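Using my numbering, you'd call the opening residue of the sequence shown number 163 and step up by one each time.
Hints are computed from structural coordinates only; laboratory data are not their basis. Source: prediction; values computed, not measured. Every residue gets a Cβ at the ideal spot worked out from N, C-alpha and C, and that includes glycine. Among these hints, one or two may not hold up.
To be verified - Pair ranges (Cβ atoms, derived):
1) 212 <-> 187: 34 to 44 Å
2) 164 <-> 188: 36 to 46 Å
3) 169 <-> 220: 51 to 61 Å
4) 189 <-> 212: 31 to 41 Å
5) 220 <-> 199: 28 to 38 Å
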Amino acid sequence: MNILYSAIVRLAATPTPQPNFDENSVTPGWFGFLAIFLVACAVILLCIDLVRRVRRVRYRGEIREQLEAERDAADHVD
Numbered sequence: 163m164n165i166l167y168s169a170i171v172r173l174a175a176t177p178t179p180q181p182n183f184d185e186n187s188v189t190p191g192w193f194g195f196l197a198i199f200l201v202a203c204a205v206i207l208l209c210i211d212l213v214r215r216v217r218r219v220r221y222r223g224e225i226r227e228q229l230e231a232e233r234d235a236a237d238h239v240d
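Please put together the full structure from these sequences, using the hints given.
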């Protein structure tokens, strides 16, 4: 365990040679754009589905409450 720790420390302490490029001009390119675009589309579709499901559950609850109120009203009339 001690050997592994010393090897990790030695590797972390040694500097790696820097490539010759401008760090400010590095971009993810088309692949990065496509990946983020697909993730954004998936999130939008999931949000639309979530809103639809929540709306459906809320409407079912409202109808259930209306039916219970009508049933209670009919029971009190008799």
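Each hint tested on the structure:
no.	hint	in the structure
1	212 <-> 187: 34 to 44 Å	holds (39 Å)
2	164 <-> 188: 36 to 46 Å	holds (39 Å)
3	169 <-> 220: 51 to 61 Å	holds (59 Å)
4	189 <-> 212: 31 to 41 Å	holds (33 Å)
5	220 <-> 199: 28 to 38 Å	holds (32 Å)
Checked against the numbered hints above, the structure breaks none of them.
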